[in-house]
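Protein chains: 6
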Amino acid sequence: MKIQLINPNTSQAMTEKMAHAASAIALPETDIIAIQPQHGPMSIESAFDDVIAAAALLDCIAEGNQQQVDAHIIACFGDPGLDAARELSSAPVIGIAEAAFHTASLLCRRFSVVTTLSSTVPTTHHLLEHYGFRHLCANVRATDIAVLDLEQCAESVYQQLLDECWQAVHVDGAEAIVLGCAGMADMVTRLSEALPIPIIDGVSSAITLAENLVRLGLTTSKHGHYAYPKTKPFIGRYHHWNR
Amino acid sequence: MKIQLINPNTSQAMTEKMAHAASAIALPETDIIAIQPQHGPMSIESAFDDVIAAAALLDCIAEGNQQQVDAHIIACFGDPGLDAARELSSAPVIGIAEAAFHTASLLCRRFSVVTTLSSTVPTTHHLLEHYGFRHLCANVRATDIAVLDLEQCAESVYQQLLDECWQAVHVDGAEAIVLGCAGMADMVTRLSEALPIPIIDGVSSAITLAENLVRLGLTTSKHGHYAYPKTKPFIGRYHHWNR
Amino acid sequence: MKIQLINPNTSQAMTEKMAHAASAIALPETDIIAIQPQHGPMSIESAFDDVIAAAALLDCIAEGNQQQVDAHIIACFGDPGLDAARELSSAPVIGIAEAAFHTASLLCRRFSVVTTLSSTVPTTHHLLEHYGFRHLCANVRATDIAVLDLEQCAESVYQQLLDECWQAVHVDGAEAIVLGCAGMADMVTRLSEALPIPIIDGVSSAITLAENLVRLGLTTSKHGHYAYPKTKPFIGRYHHWNR
Amino acid sequence: MKIQLINPNTSQAMTEKMAHAASAIALPETDIIAIQPQHGPMSIESAFDDVIAAAALLDCIAEGNQQQVDAHIIACFGDPGLDAARELSSAPVIGIAEAAFHTASLLCRRFSVVTTLSSTVPTTHHLLEHYGFRHLCANVRATDIAVLDLEQCAESVYQQLLDECWQAVHVDGAEAIVLGCAGMADMVTRLSEALPIPIIDGVSSAITLAENLVRLGLTTSKHGHYAYPKTKPFIGRYHHWNR
Amino acid sequence: MKIQLINPNTSQAMTEKMAHAASAIALPETDIIAIQPQHGPMSIESAFDDVIAAAALLDCIAEGNQQQVDAHIIACFGDPGLDAARELSSAPVIGIAEAAFHTASLLCRRFSVVTTLSSTVPTTHHLLEHYGFRHLCANVRATDIAVLDLEQCAESVYQQLLDECWQAVHVDGAEAIVLGCAGMADMVTRLSEALPIPIIDGVSSAITLAENLVRLGLTTSKHGHYAYPKTKPFIGRYHHWNR
Amino acid sequence: MKIQLINPNTSQAMTEKMAHAASAIALPETDIIAIQPQHGPMSIESAFDDVIAAAALLDCIAEGNQQQVDAHIIACFGDPGLDAARELSSAPVIGIAEAAFHTASLLCRRFSVVTTLSSTVPTTHHLLEHYGFRHLCANVRATDIAVLDLEQCAESVYQQLLDECWQAVHVDGAEAIVLGCAGMADMVTRLSEALPIPIIDGVSSAITLAENLVRLGLTTSKHGHYAYPKTKPFIGRYHHWNR
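Residue numbers (the UniProt record's numbering), protein chains in the order written: chain A, 1 to 243; chain B, 1 to 243; chain C, 1 to 243; chain D, 1 to 243; chain E, 1 to 243; chain F, 1 to 243.
Be careful, since some hints might not be right.
[What the hints assert, rightly or not] Here are the simulated DSS-like pairs of lysine-lysine, each with C-alpha atoms no more than 30 Å apart in a straight line:
no. : chain 1 : residue 1 : chain 2 : residue 2
1   : B       : 222       : B       : 232
2   : D       : 2         : E       : 2
3   : F       : 2         : A       : 2
4   : F       : 232       : F       : 222
5   : C       : 222       : B       : 2
6   : C       : 232       : C       : 222
7   : D       : 2         : D       : 222
8   : C       : 222       : C       : 2
9   : A       : 232       : A       : 222
[Claimed, not checked] Here's a subset of chain B near chain C, in silico, CB distances under 8 Å, partners left out:
no. : residue
10  : 67
11  : 135
12  : 216
[To be verified] Pair ranges (Cβ atoms, derived):
no. : chain 1 : residue 1 : chain 2 : residue 2 : range
13  : D       : 163       : B       : 189       : 37 to 45 Å
14  : A       : 13        : B       : 90        : 28 to 36 Å
15  : D       : 129       : E       : 230       : 30 to 38 Å
16  : B       : 90        : A       : 230       : 34 to 42 Å
Source of the hints: derived by calculation from the structure; they are not laboratory data. Computed from a predicted model, the values in this text were never measured in an experiment. Quick reminder that beta carbons are idealized off the backbone N, C-alpha and C, glycines included.
Turn these sequences into a full structure, and let the hints guide you.
Printed below as a string of structure tokens:
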């Protein structure tokens, strides 16, 4: 099966890192097609970035449709453009925040999210509420690691994350930890060995959930919320959506 | 004071209709600057349209900032891009759905929304939940009037709306009606005369709320959720946001 | 237009202070008619005070009706008697707590209320829940300033309020502050200059909201919750309601 | 023990009817002291009536305190003035709506309220929400029986009530019925025999709950919400509260 | 009347202690029949213990039915098997956690639960949510007293409880305290004298509530949720349920 | 990997049917170990049945632990004993109701549950609330098919189910359907072909979710809610738990 892994920011380095993590967990028969948009911000840290990235990644969804992928993954912890993507495609679309919350909810009754910039905390709270997982989340913690540092996997970054995770255990009473950033995928193993509770990564969770839906023969419902958008005139830089 | 009235779809006819309704209610000292984006869809009827329109209207917000407007209004009933717009500007930003709900909540304890396409109903429910008005909303009713018909103000459109409003009164027990589309602004007076309960229009509500905030000297909080977005590299069709 | 500003406690000094604040923000064409009941408590700091004051202020509403005012404002942060007042009049009725919450919700996603006596905190929580703003309120803080001291605008009162506001910013992560007492209206400007976030006052917010409804031609719905009360026998000290 | 049964409206006939129902269920050692205010409305059917009656019944609470009653009961289904009464007295205060909901929640997971005037329905919904019983209530049904007819126990009233109860069983799936009016107490036995599910009356429920608290030696907490009100000047018709 | 008091764990010492507390509050005409299951765990401190104890105590319910008891009480603070018991019997069934929450909600608007093992805290939160009392509960506090120590009523246990109660008052702002363990019943009087707020015990609360329902002639609704279970084959150690 | 599939009722025919459905979806490397308890009810249709079955299936969990299975599945739509099972084992435990809800929530925003006996409807509502999926569920529909008929896969059963599913589509506006009974697994394909929306089966969903957790190297958190139960004395028919 073909799974399209969309990194919604424009950093190719980040895309490659995610593709690596995704391939490590994917089934042998799964083909991971990693991609990032050719338009938009280098990183997503505000509602403004989120809106621009969402509009840009929809081009990737359309491209995936042409390639007849079996599922799409939106690999940014704010799940930008998820509902719009589900409208555009009948292949399942999974967001990595959503995927991580689902996984955590099967293993504990109280998790904390550990994320990078504090500016993304409101979005995470909004998603928890929207999906129905608010009652399981003890806290959303931000380390304020610069995304660039995260990309370079500095040892200091690992230590900051580890400290924040221990705070989650001791202060929040967290029974599991959800890593709130796609760029943390490569530290999961190390953190899992250092901490006594499950550490959950969205990218690998999303790969397995997407594979599940394909194996089960299930696709996004095209009745109601996720019906295909009506064709209509688009102008200017969105002229390519004119149909 | 200068209030920027943004029609997030690309229909200039719709912009003019709204500007007309807005001017009719605005204070003498208010200058309405009506605008629509130069990019994006002709109408907004799905999450897909919403994401594209949101990305496009942020250009208008930036333009408004350069013109030093005192407030911005997003005049589509889905309030697309509202949070992102609040990040970009310190001048207050008001969505017309939000404005209509606020107004209704001051006049009754149970209102129904009467809107056009049924594809917009989920968005309305999501907004009611997000803003905190769900407990006051009896029902969201869609008439499935084509937006083009709405634009031409056909008599049949008025009759359909009127019927749906009466349904809201008799079936839902609605004590007030919120019109769920910017394009209905010109029928408010007629509907108000025909029905025994308040009929609330988002555009005029938004104008008065925006004027209030300017008169009170209040601007969007730049601490927390609506802080200015960090500058960062943008590429491709969003290169103009590179700062 | 004529707006009746009702101070529900019996302190004329407080009424005058409010009338002053109200006139400062009102539109040129607005005539503020300030009044306080001739019966009831000197201040409102408990559910007991609230019930008595509510019964007393309904006389003011009736008086306003006779004067054909265009809107009524209940200027005590507990919004006493609001639903009953809306039944008695068709002119819109606005409570100042309600007005302040509406205003805050247009400027931020997380506000704190700073109020005087801790005995009023439960009422504030109840109102937040009732109106649907609980999710936006980070904290309700009481300074335990005596109302009399507040009336005299002592410098020490200002300092106490300012300290509490800074606590709201630093501890609660408040993005805006709602002042939870009509008697604080004269400190808004000073606090606004000292603090980096919006400071919201209920009296001025209520004036602008009341003016909006009048300008929009909207009145309280008389279907359902706010229908006129049935006439019936009243005895004793409420004999004047006998109709 | 002495239990004060307060009928908050001014109808002495209603007071006697309730006293009769109360005595039938009370323990041998319980002394029922039935009373109604000397001020206020003949019946309570709106928020307006509720506010006036609440202010009036507080005089009864004070009188009960002087008589050293062990508990107070507020015998109107809107529980008017309950919080204020709890502040004024340390003896427990029970509202009959509250009492009926508590009783119903011990016998089923889904009840309907059958009440008289439809104008009281919003109050009932508000109480269900406030107390935390909303999830157990399938429906609030109004028969629109005139209160006077109810007082005269006409056979037609019984038939209307019975029909509405059957509707609750068949349409709502009600597993129990709460009678939403103090004036229905004398029909409980007859309805209980005619219907296959529990019929719950507030007055008798309240008597037993009040007796419980007295037997358990428990009184209203005077810390926090229900602390005694501060003494302060009262003027006009409330001068007797001046302390 | 005959009330069956079921201690769901297998400690006869605990049963006797509860029976003593129950008899002290029961009406003269009430006959308390105390019992514990002949199968199951010595104490209930986890979901695992809870499931086993629930299955075991249903035998006691059946025995009570044969003895024609008028009501059953499940005297463990997790209310194990409550819904199943209500299906099996038409006589009312009361859980002691449920009973204590009902009692507390009549005396204050904010209580804390003080319990023993921290492993029981999640169950308590779940019950608060399920019954609808979450909004009234400030905190659930665990002292981690060993149940055996509790049984022996050591002075040190009393001091630990007292300290925790004071924490509830000062830190949580608790207005009343619910004791979260049937084994604490004998300390209620002492704690009540030492603390300025109501101390609520589930066993005595449950006795009075059960007596109420019997006096009111009310039994569990057999329509809907609590209908009798269908007869069907049972095998192995549950063969005695085969009917 | 070894996955233990527990049918919590004692019908071996049902176990075999489930094992068949499970094997059809499982990965090549997955070994399905299907089992049913040697004690308990032939079917689970009430809270009473649920409690007995939960106590009985815990023996299966212990047996699975000895066999070192990698995950357990509880294959009854009420998810009986799920929390207790998670305490007993460190291997992940998945309930089929939970699994089906998770799957549905990835494909639509509004699903209906179609189940057999109406007596199981309350349990389903309780689970939806407990897991956080209530906002996505339009309706829980019961067909009142006898479980025995279901076992024999009668054509009439299929027609009844199909009719109920169409009702869900047309009346509830369901965008997907969750089959609320393990015994329906063999009709999924046929229903999926007949209906235009996704049909979701709990058993196959649970298999894929359990495989995911094993592949991700994740196990149930043993901190907090799901810590191992303390060892303690058990007597009578639960003596084998004495440790």
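Verification of the hints:
1. B:222 with B:232: holds (19 Å)
2. D:2 with E:2: Holds, at about 27 Å.
3. F:2 with A:2: holds (27 Å)
4. F:232 with F:222: Distance of about 19 Å is within 30 Å: holds.
5. C:222 with B:2: Measuring from Cα to Cα gives roughly 36 Å; hence the hint is violated.
6. C:232 with C:222: Holds, at about 19 Å.
7. D:2 with D:222: Distance ~21 Å between residue 2 (chain D) and residue 222 (chain D) Cα, so the pair holds.
8. C:222 with C:2: Measuring from Cα to Cα gives roughly 21 Å; hence the hint holds.
9. A:232 with A:222: With a Cα-Cα distance of about 19 Å, the restraint between residue 232 (chain A) and residue 222 (chain A) holds, given a limit of 30 Å.
10. 67: This hint is violated: residue 67 (chain B) lies away from chain C, its Cβ roughly 21 Å from the closest one there, beyond 8 Å.
11. 135: This hint holds: residue 135 (chain B) lies near chain C, its Cβ roughly 6 Å from the closest one there, short of 8 Å.
12. 216: holds (6 Å)
13. D:163 with B:189: 37 to 45 Å: Given range 37 to 45 Å: holds, Cβ gap about 43 Å.
14. A:13 with B:90: 28 to 36 Å: holds (34 Å)
15. D:129 with E:230: 30 to 38 Å: Given a distance of about 36 Å, which is inside 30 to 38 Å, the answer is holds.
16. B:90 with A:230: 34 to 42 Å: holds (36 Å)
The structure does not agree with the numbered hints 5, 10 stated previously, though it agrees with the rest.
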